[in-house]
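**Q** Assemble the whole structure, with the sequences as input and the hints as a guide.
2 protein chains.
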Amino acid sequence: MDSRPRKILIADDEPDILEIVSYNLGREGYEVYTARDGNEAIDRARLLHPDLIILDIMMPRKTGVEVCEILRSQPAFQDTLIIFLTALSDETSQIKGLETGADDYVSKPISPKVLISRVNALFRRSNHKENGKNIEVGNVVIDPVKFLVNIAGQDVVLAKKEFELLYLLASRPGRVFLRNEILSQVWGNDVIVGDRTIDVHIRKVRQKLGVDCITTVKGVGYKFEM
Amino acid sequence: MDSRPRKILIADDEPDILEIVSYNLGREGYEVYTARDGNEAIDRARLLHPDLIILDIMMPRKTGVEVCEILRSQPAFQDTLIIFLTALSDETSQIKGLETGADDYVSKPISPKVLISRVNALFRRSNHKENGKNIEVGNVVIDPVKFLVNIAGQDVVLAKKEFELLYLLASRPGRVFLRNEILSQVWGNDVIVGDRTIDVHIRKVRQKLGVDCITTVKGVGYKFEM
DNA sequence: TGTCCATGTTAACGTTATGTTTACACAAAA
DNA sequence: TTTTGTGTAAACATAACGTTAACATGGACA
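Chains as they are written, first to last, in numbering that gives the first Met the number 0: chain R, 0 to 225; chain Y, 0 to 225.
It is worth saying that the hints were derived from the structure and are not from the lab.
Given the structure is predicted, the values throughout are model-derived calculations rather than measurements.
Ideal placement from N, C-alpha and C gives every residue a C-beta, glycine not left out.
Incorrect hints may appear among the rest.
[What the hints assert, rightly or not] Here are the computed distance ranges between Cβ atoms for each label pair:
{"#": "1", "chain 1": "R", "residue 1": "E13", "chain 2": "Y", "residue 2": "K6", "range": "36 to 46 Å"}
{"#": "2", "chain 1": "R", "residue 1": "E224", "chain 2": "Y", "residue 2": "K145", "range": "45 to 55 Å"}
{"#": "3", "chain 1": "Y", "residue 1": "E68", "chain 2": "R", "residue 2": "P59", "range": "48 to 58 Å"}
{"#": "4", "chain 1": "R", "residue 1": "G137", "chain 2": "Y", "residue 2": "E68", "range": "52 to 62 Å"}
{"#": "5", "chain 1": "Y", "residue 1": "K6", "chain 2": "R", "residue 2": "G187", "range": "28 to 38 Å"}
[What the hints assert, rightly or not] When the alpha-carbon atoms are kept at most 30 Å apart in a straight line, the in silico BS3-like pairs for lysine-lysine are as follows:
{"#": "6", "chain 1": "R", "residue 1": "K159", "chain 2": "Y", "residue 2": "K207"}
{"#": "7", "chain 1": "R", "residue 1": "K112", "chain 2": "R", "residue 2": "K61"}
{"#": "8", "chain 1": "Y", "residue 1": "K207", "chain 2": "R", "residue 2": "K145"}
[As the list claims (entries may be wrong)] Pulled from the structure, derived: some chain Y residues nowhere near chain R, Cβ distances all over 12 Å:
{"#": "9", "residue": "L46"}
{"#": "10", "residue": "M57"}
{"#": "11", "residue": "I69"}
{"#": "12", "residue": "F76"}
{"#": "13", "residue": "Q77"}
{"#": "14", "residue": "A86"}
{"#": "15", "residue": "K132"}
{"#": "16", "residue": "V136"}
{"#": "17", "residue": "V139"}
{"#": "18", "residue": "V140"}
{"#": "19", "residue": "K145"}
{"#": "20", "residue": "V175"}
{"#": "21", "residue": "I197"}
{"#": "22", "residue": "K207"}
{"#": "23", "residue": "L208"}
**A** Printed below as a string of C-alpha cells:
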C-alpha cells in the first residue's frame, strides 16, 4: 500500500495511438510510459515494473501475445495487469489473449473513454484483492468489512459515498488525488456530477471525522494525512 | 468462518481448459491455482490446502479418481470439496466418481456458467455443513440444531428463511453483508426473487426478535450487532 | 378432495437517508 | 481588481429502504 502513482506501459507501433492514450491516461493521474515494439516493451517493462501493460497485438519485433507470454513466465510479472489492444474483434483472438494470461482486451478502434474505464475497472478489481484489510493511519482505522471508521477508539458511521471517498484517499496516505481520479474511482466514469459535489462530500467527511486529516491542494486535488 | 477468499485448485492436462476455468472463477472472486497432472495436483493440494479441488478424470500421472482417493484417505482432506470433470458423460463413471468421495461432477465440454453455478452451489451447501454450532452474541443464542433463537432466556421461533437470514448475519457479527451475498447464501444463485424480499424478511426477523440488532447500511447491505 | 394454515413472495405506497445542485461567501493568485 | 478555486449552507431530487396488505404455494389434516 504505497503512495506512488500507478505506472502504465503502453506498447503500440502507431505513434498516434501512443499519443492519444498516454495523454488521456496521464490526465487520469497515471504515470504513462511508451514502447514502439515488442522488444522495447519487454525491456521497458523490466526496467519500470509497471502496474499495467497495454499491448497491441500486431507489433513489429514480437507480437503482444509473445510479449505477454514472455513476461508472464517470469515471477516478477505474475501480478502485473495486462490489457491487449486488438484490431481483430473476433472471439477467437480474444480467447487466445485471455489464455496467454491477459486480464482484459480492448478492440480497436480505441475510444479513450472506453479504455480509461477498462483501466480503472481493472485497478479497482485488483484493489479489491487487497481489500478486506483494514486501512490504519495513525489512530484512524478504516474497516471496509464492517463499513466502519474508528478514530481513537470512537466509531464513526459514514454514508456510502463518504466512506468510499475516504477509503480511496486513505488507501494511499500523502498522495494527492486529482479531482478526476476521485470522480472516476468513487463515482464511476459514466456518471456526470457537478463540480461542487466532491467538495460537499469532502466537507461531510471532515465534519464527521472531527479530525482534520484531509488536506486541500488547490488547483490539484485532495490528500489524506494525519 | 473467515473472510479470506476461497482457494480453488483445478487440475487438467489441457491448458485451454485451465485458462478458461481459472479466468472465469477468478472473476467470481476465487483464488485459483492450477495443476497439469495428477501428481502435481496432489503436491499443490498439500501445499495450498484449497477449499475446492476440480479434477479432470483423464490426466497423466494419476487419474482424477486416484488423486481423489489418495487425498480423501488423509484426514486433512476429509472436508475438502472435490468436483470431477469428465468427458465420459455416462452414468458409470459418474457413479464411480461419487463413490470415491467426490462432491459433484461436471461433464465436458465445460460451460463456464454451469461450472460456476455448481461451484457456488457446493460452497453454499458446505457452508451449511459447518453449521450445527450455536452462535452466541451478547444475550442472543442461535441454535441451528434445535432451530431456535433464544434471547435473554426467551425462545423465539423463526421461519426457515428468516432463520437462515439471521444465522448468516449473526455468523459474523459486525460484518456488512451485501444484498447480493445474502441472496446467494440464503436464496441461492439461481433463484430470482424481487428486490423487496430481503427487506420483508429482515423486517420479520427484527419484529420477532424484538431487539434491534440488525443495522441497515444504506446502499450496501445489512449487519448484525448487539 | 377440499379447507386451513404457515411460509414465502410480490406489489404498491410511504418514508427517510443520501446524493446533488444551487447560490453565495471567501481566499489566494494573477 | 479580477479571476480562479474552494468552503458552506440550504434546497432539492431521488434512490433505497420500510411497511402493509394481497397473492401464491405447499403441506397437514379432516
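**Q** Take the hints in turn and mark each one as holding or not.
**A** Verification of the hints:
1. Separated by about 42 Å at the C-beta atoms, R:E13 and Y:K6 satisfy the suggested range of 36 to 46 Å.
2. Against the hinted window of 45 to 55 Å, the Cβ-Cβ separation of R:E224 and Y:K145 comes to about 53 Å, which satisfies the hint.
3. With their beta carbons about 53 Å apart, Y:E68 and R:P59 fall inside the hinted range of 48 to 58 Å.
4. For the pair R:G137 and Y:E68, the supplied restraint of 52 to 62 Å holds, since their beta-carbon distance comes to about 54 Å.
5. Distance hint for Y:K6 and R:G187: a CB-CB separation of about 31 Å, consistent with the stated range 28 to 38 Å.
6. Between the alpha carbons of R:K159 and Y:K207 the distance comes to roughly 29 Å, so the proposed pair stays at or under 30 Å and holds.
7. Restraint check for R:K112 and R:K61: the C-alpha separation of about 28 Å stays at or below 30 Å, so the hint holds.
8. Restraint check for Y:K207 and R:K145: satisfied, since their Cα atoms lie roughly 24 Å apart, inside the 30 Å limit.
9. Distance check on Y:L46: its Cβ is at least 16 Å (rounded) from any Cβ of chain R, clearing the 12 Å threshold; non-interface status holds.
10. Here Y:M57 stays apart from chain R, with its beta-carbon at least about 21 Å from theirs, past the 12 Å limit.
11. Listed as a non-interface residue, Y:I69 keeps its Cβ farther than 12 Å from every Cβ of chain R; the least gap is roughly 29 Å.
12. No Cβ of chain R comes within 12 Å of the Cβ of Y:F76; the nearest lies about 26 Å off, and the non-interface call holds.
13. At roughly 27 Å, the least C-beta separation between Y:Q77 and chain R is larger than 12 Å, which holds for a residue marked as non-interface.
14. No beta-carbon of chain R is positioned within 12 Å of the beta-carbon of Y:A86; the least distance is around 20 Å.
15. Here Y:K132 stays apart from chain R, with its beta-carbon at least about 21 Å from theirs, past the 12 Å limit.
16. Interface exclusion of Y:V136 from chain R stands, the closest Cβ pair being 14 Å apart, more than 12 Å.
17. Y:V139, annotated as away from the interface, keeps every beta carbon of chain R farther than 12 Å; the closest lies near 18 Å.
18. No beta-carbon of chain R is positioned within 12 Å of the beta-carbon of Y:V140; the least distance is around 22 Å.
19. No Cβ of chain R approaches the Cβ of Y:K145 within 12 Å, the least distance being about 29 Å, so the stated non-interface status holds.
20. Not every beta carbon of chain R lies more than 12 Å from that of Y:V175, the smallest distance being close to 5 Å; the non-interface claim is violated.
21. Residue-level check passed: Y:I197 sits 17 Å from the nearest beta carbon of chain R, beyond 12 Å.
22. Y:K207, annotated as away from the interface, keeps every beta carbon of chain R farther than 12 Å; the closest lies near 25 Å.
23. In this structure Y:L208 is separated from chain R by more than 12 Å, as the shortest Cβ-Cβ distance comes to about 20 Å.
Violated hint for the displayed structure: number 20, the only one.
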